[in-house]
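There are 2 protein chains.
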Amino acid sequence: MHTFEIWAPEARTVEVKIAGKSFPLKKREDGWWMAEVAEAGPGTDYAFVLNGEEPALPDPRSPWQPKGVHGPSRLFDLAAWNDGKASDGKWTDDGWRPPSLDKAILYELHLGTFTPEGTLEAAESRLAYLADLGITHIELMPVATFAGNRGWGYDGVDLYAPHSAYGGPAALRHFVNACHEAGLGVLLDVVYNHFGPMGNFLPKFAPYLTGNHVTPWGDAVNLEEAESDGVRRFFIDNALMWLRDYHFDGLRLDAVHALVDRSATHFLEQLAAEVHHLGSSLGKDFVVIAESDLNDPRLVWAAEAGGYGLDAQWSDDFHHALFTVLTGEKEGYYEDFGSLADLAKALEKTFVYDDVYSRFRKRHHGRTAQGLPGHRFLGYIQNHDQVGNRAKGERLGHIVSLGRAKIAAAIVLTSPFIPLLFQGEEFGASTPFQYFTGYEDAEMGRLVSEGRKREFAAFGWKPEEIPDPQDRSTFERSKLRWDELAESPHRELLTWYKKLIKLRQRLADLSSGAPGSTRVRYDEQARWLIVERSRARVLCNLGSESVRLETGGRPELLLASDESVAIDEEGIALGPDAAAIILLAG
Amino acid sequence: MHTFEIWAPEARTVEVKIAGKSFPLKKREDGWWMAEVAEAGPGTDYAFVLNGEEPALPDPRSPWQPKGVHGPSRLFDLAAWNDGKASDGKWTDDGWRPPSLDKAILYELHLGTFTPEGTLEAAESRLAYLADLGITHIELMPVATFAGNRGWGYDGVDLYAPHSAYGGPAALRHFVNACHEAGLGVLLDVVYNHFGPMGNFLPKFAPYLTGNHVTPWGDAVNLEEAESDGVRRFFIDNALMWLRDYHFDGLRLDAVHALVDRSATHFLEQLAAEVHHLGSSLGKDFVVIAESDLNDPRLVWAAEAGGYGLDAQWSDDFHHALFTVLTGEKEGYYEDFGSLADLAKALEKTFVYDDVYSRFRKRHHGRTAQGLPGHRFLGYIQNHDQVGNRAKGERLGHIVSLGRAKIAAAIVLTSPFIPLLFQGEEFGASTPFQYFTGYEDAEMGRLVSEGRKREFAAFGWKPEEIPDPQDRSTFERSKLRWDELAESPHRELLTWYKKLIKLRQRLADLSSGAPGSTRVRYDEQARWLIVERSRARVLCNLGSESVRLETGGRPELLLASDESVAIDEEGIALGPDAAAIILLAG
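Same order as they appear, the protein sequences are chains L and X.
If you count the first sequence from 1, position 577 lands on 577 in the working numbering, and the numbers rise without skipping.
If you count the second sequence from 1, position 501 lands on 501 in the working numbering, and the numbers rise without skipping.
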């Protein structure tokens, strides 16, 4: 027996179709329809018929789409692991609590390219490696079912159904449990700002979208108009499901700047409150982290202080400031950055654009983050977007010297922010992370391939230079090559990352996010920079000449990125592209 | 000599045309163009030519459009009254300070219909009447130049130019000064959420609008995209001009719910901060009041508490709750109201919809106003919208008995809110306030006339029943008839309003806006209601039978709406549609 429930406030009739038989649903006053079907249970395939119109449609809240976005939905018993009666396992993570965000080091992981197999099961075999690396949380790129077998995951349409190519709901449950057993927290990337262009049947069920606001993906999600209660519930119930039923430790919200909500209680405030409330009731501290392009501290201000009460947000300003200093790039949004002064401001004040005019945006941008700890922000030098949105998906190590990659790591991993690494960054993977899709619809595939070429034509790229997203080799090329761990430059970088992580975790000076805990000195011409973190100093030479920097105190050398680093009682010498971390005598 | 300045960031060339001669402007880096023209000065007519394209366009910041929205702009010396050298007068309001909002009683005034002449000069002759009535501030409906000679004013396109049909800039300056001499404050209604459909040349100068958000009037104002700095400046400089150069005491912002702004500092917060900053520098307390349909307390929360820091906002919930109780109407948004319980909640908690499901909106709406004083909200039973947006522009007195009109006045004028009256309300004007326009463009006129008929067809009205907005008689019919003051029912109501105002101003119990200062008892069936205001009680009988209400204490009768009211030591009797105000012995 199973009770089917579906929200379709404007439908005239709703039936659920199972093995060729139709069962009518009854409407409740709140726009939900219900039917108990005796012959349905876990494993049953089903689809909904609205107003008698074929073909039948998958469930917007489908727990499983084994045959993809166009196929039927399949019932899955999410509660089966709770009572220990399931044949395929049970939860063994009672009492698991991940480290809090002020102690966290995150690792962004894309299931399709993390292993050759591209599955949840295969990823489990690498968990010990990640724990040994010292990271505390995996941040899993979206797992919601999207059209085609391969993709980044941001074009999901069945938000409740873990993607079948990764292994579906059973494999995801197993994976989260295995992470916890390995001592790793897991955050999930969820996309609530749009649906993918293929297989999105939700607008047939209810007004999930509105034409009154335009986003980069078309119509906006309806968060403030008629029937928006149900739309908000759709997303928030999804968030609660991942945390309650799949045991995720928190969520990363994709691109919240694309949400438009003038309601008196913003969607993000409601979402954060409900997630935290669920956590309280379960004795857990679930976290909600937003990707935001707004430079708006309100996202992480406490609700009592007029904020939305999110736990943290991504901070691209730090990335852009660091990346442009390392690479000298000036295209696109990088035109707003490039000086050591910008990098210093990012480290000291988080937002470089804190109500400052942006040439790229052609307007003032942002607001001061004053008073907020660094641990409300994520700091990174690589992530799926910053790598993958380049024409050829080059990682930092493909653009700069090993020395500069080490400097980048040192600055990120001693920053006041929550460090985030992108899979393979820690060993300087030779493989790129390119933009790939796997649309089976030929027309959609053509549109994506041509759109990608057109996008980069504006930056002077020739069409043939751009990897074709639809070509399977673009996906294959983006997979990590784990055999590289044995090769010398990769091994050297991995050792550097491990040492930095250990040092951050040992020395509170380097992990503090307290306001004012970071001071930066630099010489824009000579290209050196010293990050002062309480008694610790991170010294970086980005110039082409060796420098000698006076440090005061009696410095103890904690880490040196290469053999050029030499220390004496009054200072420290660094060759080009070298970094060192020292501790001054208390 | 005059220095012409114009913001046109994307123009290739800009010239100013004066008496057939063209003078080129020079571009600055910030997108502004400038030219000093020796032969220009106050009174000079001019227009701008962009990219060499004729016809020349009026100045978006034109101080005067003597020939309407399509004519040339004319220079006007706004500073002339400051140094006392002008021939037509000087400011005589040094030291003028209006009462603060907690002591205010506002009067909404439409210049075109307030007097037979429809001018600022004619309105001046009625200032003594308004002062005698006891109101403290006039709230002037928009004066910015719009297409045609008559209209409500919400379709302005030259936001800096006082409408010529009202008398233009000189008459407006004179009017504000005269108000202050009469002891009256003056607030100005400004429209920053859209421009009128005729004569809006602003998009030719800069991206004032964006197609990324849709409003009831089409494209939204660009507050968050490229070049939005200049758009925000356009509106905020306008606000500052009215306060600094025309000596207005504050502003009423039209329909702020139609603004879309995801910037880290919301446009309204910036506007309020700049207005208050100007006030501080001049030693004045300028106020900013928003019309808002959001039921969002954030608008009036202090900026330090995460709010926008506005001084007050309109509150339609109180109107709708009171209006439906008085009239029994149920159409449109009135379906969400109708019970004495709603009215009680409005009086006690301001927002009836404070995160409650709204059938009309088909979603939850609003947020609690807890902790905010009533003086952050305007309370009214009539305003230009609530009267004028009815099919025939009927006032309350055209729909209900004199007794009920008196009850309405008693509830409004003893409420914790800032009372607002609509012109003529105080004497129960027989004249309606209908929707009228005066477009000279035939096609536009036809669209407006037909649109109005279509809008009301949805409510079952026949086309011939709807007054034609373009017909001059619709405008004429809406003018107040001051000879009615001598007629008995009008005189009786006027006396009632004057007594209520005097009582509110004498008795702090009745004007307090402190949170918790209002308690309401009622009987939904017997249709009586008692508003408890500290030691005062406002007793209203909305039933068809006489009632006897126990009051406790030793009541002193302060005001009775008719002869049915009788008081003794233990209670008070009221006939149908009667109200009384009593004071309990301390």
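Possibly wrong hints are sitting among the right ones.
Since copy identity is lost for identical chains, a pair holds within one copy or between any two.
Said to hold, decoys possible - Straight line, CA to CA, 30 Å or less: simulated DSBU-like cross-link-like pairs of lysine-lysine:
1. K362 x K27
2. K453 x K21
3. K479 x K349
4. K330 x K349
5. K103 x K284
6. K17 x K67
7. K479 x K362
8. K204 x K362
Treat the hints as calculated values from the structure; they're not laboratory data.
These are the hints, each one checked on the structure:
1. Taking the shortest alpha-carbon separations for K362 and K27, only the inter-copy value of 17 Å comes in at or below 30 Å, while the best intra-copy value is 51 Å.
2. Taking the shortest alpha-carbon separations for K453 and K21, neither the intra-copy value of 47 Å nor the inter-copy value of 50 Å comes in at or below 30 Å.
3. For the identical chains of this complex, K479 and K349 are neighbours neither inside a copy (36 Å) nor across copies (59 Å), given an alpha-carbon limit of 30 Å.
4. For the homomeric pair K330 and K349, the shortest alpha-carbon distance inside one copy (22 Å) is at most 30 Å, but the shortest distance between copies (55 Å) is not.
5. Proximity of K103 and K284 under a CA criterion of 30 Å is satisfied intra-copy only: 16 Å inside one chain copy versus 50 Å between copies.
6. Taking the shortest Cα distances, K17 and K67 sit within 30 Å of each other inside one copy (16 Å), while across copies they are farther apart (69 Å).
7. In this homomeric assembly, K479 and K362 never come within 30 Å of each other (Cα to Cα): the closest approach is 38 Å inside a single copy and 48 Å across copies.
8. When the C-alpha separation of K204 and K362 is checked against a cutoff of 30 Å, the pair qualifies only between copies, where the shortest distance is 18 Å, while the shortest distance within a copy is 39 Å.
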